[in-house]
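*Asks:* Just so you know, the sequences run in chain order Z, S and R.
Taking this note's numbering, the leading residue of the first sequence gets 1, the next gets one more, and so forth.
Taking this note's numbering, the leading residue of the second sequence gets 1001, the next gets one more, and so forth.
Taking this note's numbering, the leading residue of the third sequence gets 2001, the next gets one more, and so forth.
Just so you know, these hints were derived from the structure itself, not from any lab.
Mixed in with the good hints there might be a few duds.
For each label pair, taking beta carbons as the anchor points, the in silico distance ranges come out as [stated by the list, open to error]:
hint : chain 1 : residue 1 : chain 2 : residue 2 : range
1    : S       : L1129     : Z       : G16       : 50 to 60 Å
2    : S       : L1125     : Z       : G16       : 48 to 58 Å
3    : S       : W1002     : R       : A2011     : 19 to 29 Å
4    : S       : T1025     : R       : A2142     : 17 to 27 Å
5    : R       : A2008     : S       : W1002     : 39 to 49 Å
Derived EDC-like pairs (lysine to aspartate or glutamate); straight-line CA-CA distance at most 20 Å [stated by the list, open to error]:
hint : chain 1 : residue 1 : chain 2 : residue 2
6    : S       : K1020     : S       : D1074
7    : R       : K2176     : S       : E1192
8    : Z       : K46       : R       : E2230
9    : R       : K2151     : S       : E1082
10   : R       : K2151     : R       : E2230
11   : R       : K2241     : Z       : E55
12   : R       : K2238     : Z       : E55
13   : R       : K2114     : R       : D2045
14   : Z       : K46       : Z       : E57
15   : R       : K2241     : R       : E2230
16   : R       : K2151     : S       : D1222
17   : R       : K2241     : Z       : D8
18   : R       : K2238     : Z       : D8
19   : Z       : K46       : R       : E2242
20   : Z       : K46       : R       : D2045
Partner residues are not named here, just some residues of chain R that face chain Z (Cβ under 10 Å, in silico) [as the list claims (entries may be wrong)]:
hint : residue
21   : P2043
22   : Q2047
23   : W2112
24   : W2211
25   : L2212
26   : Y2213
27   : L2225
28   : A2243
All of these numbers come straight from a predicted model, not from anything done at the bench.
We put the CB at the ideal spot given by N, CA and C, even for glycine.
So you can see what is in the structure, the chains are spelled out below.
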Amino acid sequence: MVWQSAADFWAMGGYGLYVWGSFGATALGVALEVWLLGRGQRAGIKQLQRMQRWEAE
Amino acid sequence: MWRFLMTVIRRDLLLAARRKGDWLTAQFFFIMVVSMFPLGIGADPEQLRRVAGGVLWVAALLASLLSLARLYADDHRDGSLEQMLLSPQPTVLLALGKAIAHWLIFGLPLLLIAPLLGMQFALPLEAILVLVASLAIGTPVLSLLGGIGAALTLGLRGGGTLLTLLILPLYVPALIFGAGAVDGVLAGMGAEAQLSLLGAFMGMSLLIAPWVTAAALRVSVD
Amino acid sequence: MNLYHYAAPAAFYGLAGRLIPWFAWGAALFAAAGLYISFFVAPTDFQQGEAYRIIFIHVPAAWMSMFIYMVMAFWCAIGLAFNTRLSFLMARALAPTGALFCFLALWTGALWGKPMWGAWWVWDARLTSELILLFLYVGIMALWAAIDDPKRGDRAGALLILVGAINVPIIYFSVKWWNTLHQGSSINLMQAPSMAATMLIGMLVMAIAAWLYTIAVALVRARGLVLARERHTEWVQKIIKEA
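Chain Z on its own, in the form it takes in the complex (with noise of 0.2 Å):
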């Protein structure tokens, strides 16, 4: 094992806010897409259905 404790994990050996900092842009990165990913995804069909009905009348 690596790590003596759970401190000693997230002190990352001093360079806890550089690997931390890496790490944590990445998750929010790829949450912030997945996020904006599915609200396109609903208003886009949403947007087709308004298309839809505007198109029928």
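Knowing the structure of chain Z, use the given hints to seat chains S and R on it.
*Replies:* This is chains S and R only, laid out in the frame that chain Z set:
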């Protein structure tokens, strides 16, 4: 084929001769941008000499984009571009002719202005010669690659800004080799390597850019 | 089974819908394994300490940003050569994810550079080319955004992507060459002193996770684009009604 190419070039030169203000704008833009730098970073000759190559080259890139925005726009507006695309002549020759004409109007005067600006930046004579040589080899690249961007953004809103966004990254090798040639001669390392790399890049652009521009014109004018 | 069958939008839509969960779960699984390797299997580096663990995310992100661009160029070439509309949609679906990985490679590179080089940003050949690649992604997406006509947008974007693809190696070479003239870069992310097998495996697992994630995300995006493009066809009308 030759006749068509010459016709395209002569037509653009004639139009430029009638609208002098249009292309003088790009030249004065170049002069002004370059002249702003000493005001911004100080007039220490040593420092100016160090940045001269980069400053002149960056200003040349920006000035080229300024003039390229109108490369096809005027012909597009009055419908003559569509006529030329419909003619049996190959579009690639049109693109090549347009790029050559743009270089004659934009690049060639730049070569005459650059030595004066180089002196303002305290460049020694041999560095000025290399600067002019690098611009002579490099500005055709700007006209050729810029033509692609001008064709792609034809008739779009915010076309000029968009053109900058699309084309500046593609200019990077020309900037590096061009400005590097001036730096090389200042550092006493000679500029042959940079100039020949720049020449290779120019040759590649000459081979590829007219075809892409022609394809882009057919996409944009439909 | 006929591959051409899935080039038809309706068939593609159905197939992609069935494939997406597999890729998404695969990505999650590999990401979990990759994270486990990066934090619990890989030992501390004797030179760089724990900071080197950043490469488990930096290197796959940099690989993906370049690889996605190549895949986009591939789809664009196919689209221009065979006039297949779906290929252009794939390029459009991939671009935002490529830009994201490009940004992440720059961000993690900066966070790695601060403790190692003592500066957030160094004009290192790799970082600089990555920055220019990000500019290319931004330019392509701006071009798509500016063109309303989908057909023109597809083709104009494809031409720009292909010109960029020819130019990227030249840009990389010129930046590298410029870099060696102006400064010799000290340590490199890739030439970490002890490129042990565990490190390589960790990076590969993370790269596979990023790859599966990219496929999943791109398929979702492509499905949305297909719906919008084919909205007048019967099968899309049916899907919209049922949604």
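*Asks:* Hint by hint, note whether the structure agrees.
*Replies:* Quick rundown of the hints versus the structure:
no. : hint                          : result
1   : S:L1129 / Z:G16: 50 to 60 Å   : holds (55 Å)
2   : S:L1125 / Z:G16: 48 to 58 Å   : holds (57 Å)
3   : S:W1002 / R:A2011: 19 to 29 Å : violated (51 Å)
4   : S:T1025 / R:A2142: 17 to 27 Å : holds (25 Å)
5   : R:A2008 / S:W1002: 39 to 49 Å : holds (47 Å)
6   : S:K1020 / S:D1074             : holds (15 Å)
7   : R:K2176 / S:E1192             : holds (18 Å)
8   : Z:K46 / R:E2230               : holds (15 Å)
9   : R:K2151 / S:E1082             : holds (18 Å)
10  : R:K2151 / R:E2230             : holds (13 Å)
11  : R:K2241 / Z:E55               : holds (14 Å)
12  : R:K2238 / Z:E55               : holds (15 Å)
13  : R:K2114 / R:D2045             : holds (17 Å)
14  : Z:K46 / Z:E57                 : holds (17 Å)
15  : R:K2241 / R:E2230             : holds (14 Å)
16  : R:K2151 / S:D1222             : holds (10 Å)
17  : R:K2241 / Z:D8                : violated (55 Å)
18  : R:K2238 / Z:D8                : violated (56 Å)
19  : Z:K46 / R:E2242               : holds (12 Å)
20  : Z:K46 / R:D2045               : violated (52 Å)
21  : P2043                         : holds (6 Å)
22  : Q2047                         : violated (12 Å)
23  : W2112                         : holds (7 Å)
24  : W2211                         : violated (13 Å)
25  : L2212                         : violated (12 Å)
26  : Y2213                         : holds (7 Å)
27  : L2225                         : holds (9 Å)
28  : A2243                         : holds (5 Å)
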